[in-house]
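Engineer: The residues making up each chain are set out below.
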Amino acid sequence: MIIIGEKINGSIPVVKEAIEKRDAAFIADRAVMQTDAGAHFIDVCASTAPEYEIETLKWLMEVVQDATDTPLCIDSPNPRVIETVFKYANKPGMLNSISEEGDKCEVLLPLMAGNTWEVVGLTCDDRGIPNDVQTKVDITKIMVEKAAKYGITPDRIHIDPCVMALSTENNSLLNFAHEIREIKILYPTIHVTGAISNMSFGLPLRALLNKTAMTFAIQAGMDSAVMDPLNRDMMGTIFATYALLGQDKHCRKYSKAFRAGKIGSVVKK
Amino acid sequence: MMNIANLGQFVIDGNEPGVIENVNLLVAGKADPITIINEGLLSGMNVVGEKFKSGEMFVPEVLMAARAMNAGMDIVKPLIADNDMPSLGTIVIGTVKGDLHDIGKNLVVMMLESAGFKVIDLGIDAKVEQFVAAVKENDADIIGMSAMLTTTMTYMQEVIKACEAEGLDVQYLVGGAPLSPGYSEKIGAIYAADASGAVDTAKKLVGDSVMKEVMFA
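Top to bottom, those sequences are chains A and B.
Each residue of the first sequence is one higher than the last, beginning at 1 in UniProt numbering.
Each residue of the second sequence is one higher than the last, beginning at 1 in UniProt numbering.
No wet-lab data here; the hints were simulated from the structure.
Treat the hints loosely; a few may be bogus.
What the hints assert, rightly or not - PhoX-like cross-link-like pairs, simulated, lysine-lysine; straight-line CA separation at most 25 Å:
id : chain 1 : residue 1 : chain 2 : residue 2
1  : A       : 21        : B       : 51
2  : A       : 87        : A       : 58
3  : B       : 77        : B       : 97
4  : B       : 118       : A       : 16
5  : A       : 16        : A       : 87
6  : A       : 211       : A       : 256
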């Protein structure tokens with residue numbers, strides 16, 4: 001499971017406050033904690049007003065890169081902002097994100113030619129998020145074909161099929177699993193990612209639904225996630241699921257994670 | 001004879017066949033259609049709104065209740081002349097330009113309709129011209145705007161400026177993840193944190209405008 005740590009995002013109130021105060025220690029701490037917990041990428045998202053977004057993102061990138069060697073995941077709804085701050089990354093990471101909305105692909109894919117940057121691709125376009133599996137697969141195809149023109153192979157793309165809320169769509173998990181399978185059939189080396197926590201919107205005991213949904217999604221082939229790596233319960237669910245699916249030989253990773261104190265209840269010493 | 005007050009329970013339970021059967025019975029018994037709406041369907045939905053607010057009911061149940069209520073509405077609406085239709089006020093609502101998120105907005109639409117507002121839903125990616133035209137056409141009291149992105153929420157201000165330039169007498173209700181009460185106030189709008197908050201605020205806003213009319217009449 002490739003984990004994209006989501007805890008440095010200006011839409012989180014405490015992070016917003018740290019950004020406003022330019023509290024570098026707070027941000028650095030979040031970067032280090034996520035790295036220690038197993039994040040493969042550290043997402044940085046300013047979520048400020050557009051006029052401050054570039055300077056904020058640049059600052060976040062500098063702070064995170066000073067604190068840890070974990071690659072960045074540069075996150076903005078505006079491709080031009082990503083294009084502008086791209087040069088401040090000191091090594092390849094991930095771009096978050098392209099989709100078939102506007103000219104996102106046209107702005108961001110050229111940045112990825114001839115290097116090892118990866119990218120999140122959302123299966124939506126100017127008409128919004130499709131309701132049906134086939135349109136999401138079609139959008140995936142378009143993005144993969146556009147990427148190929150810049151020599152970007154599918155294994156550098158993380159498709160996010162846009163998880164919908166179970167509370168408004170009764171088949172949202174079944175549809176998600178179907179989408180994962182269809183995309184993996186088409187491109188076996190592509191990654192499928194997503195924000196599983198959307199699933200539980202509007203329902204009680206969200207954590208329970210999120211963990212259960214994660215299990216089904218992993219079984220369907222999801223191998224990347226935008227999540228909080230400090231969520232021990234969710235991390236435990238991921239390790240347990242791989243072990244149960246026979247994808248963790250002799251359950252070594254599961255056992256190791258337990259010994260390292262990464263999963264299970266916290267033992268007070 | 002079916003009791004109108006009991007009809008509300010069928011709405012609360014999200015029992016669509018039950019609502020349909022009993023509204024038909026009430027209509028056959030010559031009950032007043034407006035009373036059926038106010039004391040049966042809407043009063044049931046009000047309980048749902050309260051329970052949603054207090055965390056006793058959840059989104060899927062609210063959706064079920066709204067569907068049941070609407071099934072009842074469909075039966076009685078044709079029996080009422082258009083201008084006799086009870087309405088708290090008219091709201092034009094949309095997710096603003098560049099933004100395609102609509103789960104929250106749709107929930108707000110449903111809750112507003114259930115509370116007795118007439119709602120004109122512009123859907124997603126709604127532009128200034130659409131808001132202005134819809135307000136004029138429907139003599140709306142409130143514009144509701146939703147945004148999920150920091151980059152799109154700034155468009156709300158453009159809508160407000162355009163409406164002011166047109167001299168439209170309308171108030172602004174805004175919501176969505178990146179919005180805050182402070183930002184909303186700055187652009188001349190009122191913030192609602194969730195769907196039931198939006199209903200409460202909308203009620204206050206139309207209440208205020210009614211007061212204004214009385215005061216300045």
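Engineer: Now, for every hint given, state plainly whether the structure supports it.
Structural biologist: Status of each hint after checking the structure:
no.: 1; hint: 21(A) to 51(B); verdict: violated (39 Å)
no.: 2; hint: 87(A) to 58(A); verdict: holds (10 Å)
no.: 3; hint: 77(B) to 97(B); verdict: violated (33 Å)
no.: 4; hint: 118(B) to 16(A); verdict: violated (37 Å)
no.: 5; hint: 16(A) to 87(A); verdict: holds (24 Å)
no.: 6; hint: 211(A) to 256(A); verdict: holds (20 Å)
Checked against the numbered hints given earlier, the structure breaks hints 1, 3, 4 and satisfies all the rest.
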